[in-house]
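Given next are the chains, with one letter for each unit.
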Amino acid sequence: MIRFVGRRVVELAIVFVGVTFIIYVMVFTLPGDPIAALGGDRPLPEAVQAQLRAQYHLDEPVWLQYLRYVGGLFTGDLGTGFDGRPVGDRMAARWPVTITLALTAWAIEVVVGVVLGLISGLRSGGLVDRTVLVGTVLATSIPVFVLGVTAQLVFGLQLGWFPIAGTSEGWPTAYLLPAIVIALFGLASVTRLMRGSVVDTLRSDFVRTLTAKGMPRRNIVGVHVMRNSVAPVLTFLAIDLGYLLGGTVVIEAIFNLPGIGALLFDAIKTHEGPTVVGVATALILIFLATSVVVDLINSVLDPRIRHE
Amino acid sequence: MRRNQRTAAASILLVTALGLTACATGGSDTADDGTRAITFGVTDPGTLTPGRQLVAYDFNMAVWSPLSFLESDGTLNYVQAESIESDDNITWTITLKDGWTFHDGTPVTAQSYVDSWNTVAYGPNAFENSGQVANIVGYTDLNPAEGEPSITEMSGLTVVDDLTFTVELIGPDSQFPLQVSQAQTAMYPMPESAFDDLDAYNTHPIGNGPFELEGDYVENETLVVTAYDDFAGDAPTTDQISFVPYTDDTTAYTDVQAGNLDVASVPASRLPQAGDDFGDNFYSFEAPGISYLGLPLWDERYQDVRVRQAISMAIDRETINDVIYGGAYTPATAFTPAIEPGTPEDICGEFCEYDPDAAKDLLDEAGGFEGSMEISFPGGGGLDDFYNAIANNLRQNLGVDATAVPSADWAEFSDNRTAGNIDGPFFSRWGALYPSQQATLRPFFVENGGCANCIPWYDADVKAAIDAADAADTGDGSAYADVQELILEEFPAPPLFFETYSYVTSDRISDLVTSPVGNPRLTNVVLAGE
Numbered sequence: 001m002i003r004f005v006g007r008r009v010v011e012l013a014i015v016f017v018g019v020t021f022i023i024y025v026m027v028f029t030l031p032g033d034p035i036a037a038l039g040g041d042r043p044l045p046e047a048v049q050a051q052l053r054a055q056y057h058l059d060e061p062v063w064l065q066y067l068r069y070v071g072g073l074f075t076g077d078l079g080t081g082f083d084g085r086p087v088g089d090r091m092a093a094r095w096p097v098t099i100t101l102a103l104t105a106w107a108i109e110v111v112v113g114v115v116l117g118l119i120s121g122l123r124s125g126g127l128v129d130r131t132v133l134v135g136t137v138l139a140t141s142i143p144v145f146v147l148g149v150t151a152q153l154v155f156g157l158q159l160g161w162f163p164i165a166g167t168s169e170g171w172p173t174a175y176l177l178p179a180i181v182i183a184l185f186g187l188a189s190v191t192r193l194m195r196g197s198v199v200d201t202l203r204s205d206f207v208r209t210l211t212a213k214g215m216p217r218r219n220i221v222g223v224h225v226m227r228n229s230v231a232p233v234l235t236f237l238a239i240d241l242g243y244l245l246g247g248t249v250v251i252e253a254i255f256n257l258p259g260i261g262a263l264l265f266d267a268i269k270t271h272e273g274p275t276v277v278g279v280a281t282a283l284i285l286i287f288l289a290t291s292v293v294v295d296l297i298n299s300v301l302d303p304r305i306r307h308e
Numbered sequence: 001m002r003r004n005q006r007t008a009a010a011s012i013l014l015v016t017a018l019g020l021t022a023c024a025t026g027g028s029d030t031a032d033d034g035t036r037a038i039t040f041g042v043t044d045p046g047t048l049t050p051g052r053q054l055v056a057y058d059f060n061m062a063v064w065s066p067l068s069f070l071e072s073d074g075t076l077n078y079v080q081a082e083s084i085e086s087d088d089n090i091t092w093t094i095t096l097k098d099g100w101t102f103h104d105g106t107p108v109t110a111q112s113y114v115d116s117w118n119t120v121a122y123g124p125n126a127f128e129n130s131g132q133v134a135n136i137v138g139y140t141d142l143n144p145a146e147g148e149p150s151i152t153e154m155s156g157l158t159v160v161d162d163l164t165f166t167v168e169l170i171g172p173d174s175q176f177p178l179q180v181s182q183a184q185t186a187m188y189p190m191p192e193s194a195f196d197d198l199d200a201y202n203t204h205p206i207g208n209g210p211f212e213l214e215g216d217y218v219e220n221e222t223l224v225v226t227a228y229d230d231f232a233g234d235a236p237t238t239d240q241i242s243f244v245p246y247t248d249d250t251t252a253y254t255d256v257q258a259g260n261l262d263v264a265s266v267p268a269s270r271l272p273q274a275g276d277d278f279g280d281n282f283y284s285f286e287a288p289g290i291s292y293l294g295l296p297l298w299d300e301r302y303q304d305v306r307v308r309q310a311i312s313m314a315i316d317r318e319t320i321n322d323v324i325y326g327g328a329y330t331p332a333t334a335f336t337p338a339i340e341p342g343t344p345e346d347i348c349g350e351f352c353e354y355d356p357d358a359a360k361d362l363l364d365e366a367g368g369f370e371g372s373m374e375i376s377f378p379g380g381g382g383l384d385d386f387y388n389a390i391a392n393n394l395r396q397n398l399g400v401d402a403t404a405v406p407s408a409d410w411a412e413f414s415d416n417r418t419a420g421n422i423d424g425p426f427f428s429r430w431g432a433l434y435p436s437q438q439a440t441l442r443p444f445f446v447e448n449g450g451c452a453n454c455i456p457w458y459d460a461d462v463k464a465a466i467d468a469a470d471a472a473d474t475g476d477g478s479a480y481a482d483v484q485e486l487i488l489e490e491f492p493a494p495p496l497f498f499e500t501y502s503y504v505t506s507d508r509i510s511d512l513v514t515s516p517v518g519n520p521r522l523t524n525v526v527l528a529g530e
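Chains as they are written, first to last, in my numbering: chain A, 1 to 308; chain B, 1 to 530.
Rather than coming from a laboratory, the hints here were simulated on the basis of the structure.
Certain hints may be false.
As the list claims (entries may be wrong) - The following residues of chain B were derived to be distant from chain A, with all beta-carbon distances above 12 Å:
id : residue
1  : I151
2  : T330
3  : I347
4  : D361
5  : G371
6  : Q396
What the hints assert, rightly or not - The following label-pair restraints were derived from C-beta to C-beta distances:
id : chain 1 : residue 1 : chain 2 : residue 2 : range
7  : B       : A232      : A       : D89       : 33 to 43 Å
8  : A       : V154      : B       : N421      : 17 to 27 Å
9  : A       : V154      : B       : D299      : 47 to 57 Å
10 : A       : F145      : B       : A481      : 35 to 45 Å
11 : B       : G171      : A       : P143      : 48 to 58 Å
For every residue, glycine included, the Cβ atom is placed at its ideal position computed from N, Cα and C.
Please work from the sequences and hints to get the whole structure.
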């Protein structure tokens, strides 16, 4: 187990260096000069542009800029955006919003998804099962943008149940509607996955044996079926949490939530190398970390998977 | 199962904890306690310092008072200035009103202005709006082509006494009093404390205006300004303005519809429906902005003036305006926006009128148009419908193989445009910051005048005519008529629309007033029931 974790950490370090360099070069080679575009259709004076280019080292070759950036990382300096604000501060200010949104959506997925999946798995072919099937197909086929705007107009504007935008009303009011919209997508997968898994497990030999032994159905389902069918769902849920923490650019924009996704989108638009690399690297680390956690959880839940 | 229950419980606890933290930092902005407070939807400004801000005009106009203020009826009132005078239009003497203070209590003096303008101009500070002081003698010394400047002050600024200073310009310019009006934020004064730590000042700017900032600026959090008790000018009609940042302007629009926000600007995509959605609460303010269809004059096919005129006559401005902008704009009939005094309206005449048959004849007369025509515009800004409509017009009316192609983003477009890597018509617009024909003609038609490569057509005669008009104008803008005649002769690019800036308000506001710069005048908002 220790060797397994150690190996993953080394892999992580290699991926980290590779990815930061690649992203840095990619942002650098984006067409268009970010400083010239800073003022939009009111271009900045030439002298100001030259000064800003020197200030942000944009007049240097890309490898030197990258080395500077990595050097800064070791002293905890994540660089600065083109308006002089430290990237570290900007990210720190935005993580709480994204984490709150992600965990709210995730909690909805876990609770509703597992329960619905379990019910439709136990009563496959029943009314709940059919309703869930239709519902999940619908939810996954509507683009998140349409769903978000519609939910905003119906529940925010017409019914007035939720605020339309912003975080000023705090959790849970401000986060509930966007979280539900995001959760609907993961929810569909969780439910289907859970349902299939439950159906499979119910048909397995050990369940038949337990039934034959006369164990009450409650116990069979609650302990044995649950534990055996939740493993693949848990894998999905962990990966999905990583995805949710990446920020959902569209939802954050529609509901005016200043999260990490919105920051990344803005930074790509303005070609702010340090911000893009900082956010992207953090996201990659989250993905890598969740994948390690998934492997560990799986090996704990299912002794057949061993990491020697 | 038990393990999973525990996991679920733990995650719910975590969610709750995070939610509580979010609650603590949030808080409601609505005031129901009788305070006359309004909320205004903005883009997160990033920079607030007047010499640096790029998207914080409304905040700046609330926190600072300008030297002069141009009213909607065209009169120029003095606010912080007592007088702005000159005998030769080169050396201007500015006298300040006595008794005005910054929000930190220190007096506004001639020295405040001189120090501020020097700070704006000083090259190494890289103030984004330093172009606004570029006509003062000594600006180039502070911005040498190579290396650091050896001095920190412009020689053209001289303090005479506590309340008087003189400004020497590089050439005669009758429009100077307008250049220190409300939207020229780089001309605002900063208190002495600002110069020690410009970064700290950007976080907590201190102005001389009707409102002062509460607390510090934090990215993506609401900026609250309250009426400054010791303000020496006219008291504002509201006690408090909250500038609420929105990442998406359509969300702000929807929030005004729901009554959660009082004022928001209208995104282009909502212009056609804003009148229906808001009725009397929809405001379209005439603004000093104008759009052109830039033409690649380096391409031989566009050399004949008749080709350029034909393109202009083939564009159905009325229909495009009605369908795409809900009639909010005005089809252009001159080379500067109509709101700029003295603009000879209708000088463009038949060439700005939709006449597909005459356009086709004119093009044939000029020898037709070979090959295809690709219209370039910056993508991602909601301009697609607009340029597709123009391409359709040109295709149907002139038989030219015209298409509209967006760039990936603004930076790519701006790069291609500046480098001349564009072989078709292109996006070209300018929003002036003070309504004088000078403020539109210079950016478009003088090299390094501001709108780099907007058209770009730089003619020595036009430059000379603008210089002459700058020197000679008596305030009514009539001196610029000659310039417009010269431009008409050459017709370098078709003017398209005089722009308006549009806003919607909640029912809490009964009247939103404006000034000739097109922004709402936040000091004079009329609340419902007052």
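Verification of the hints:
| no. | hint | in the structure |
| --- | --- | --- |
| 1 | I151 | holds (15 Å) |
| 2 | T330 | holds (19 Å) |
| 3 | I347 | holds (24 Å) |
| 4 | D361 | holds (34 Å) |
| 5 | G371 | holds (24 Å) |
| 6 | Q396 | holds (29 Å) |
| 7 | B:A232 x A:D89: 33 to 43 Å | holds (37 Å) |
| 8 | A:V154 x B:N421: 17 to 27 Å | violated (46 Å) |
| 9 | A:V154 x B:D299: 47 to 57 Å | holds (51 Å) |
| 10 | A:F145 x B:A481: 35 to 45 Å | violated (50 Å) |
| 11 | B:G171 x A:P143: 48 to 58 Å | holds (57 Å) |
The structure fails hints 8 and 10 (numbered hints given earlier, in ascending order).
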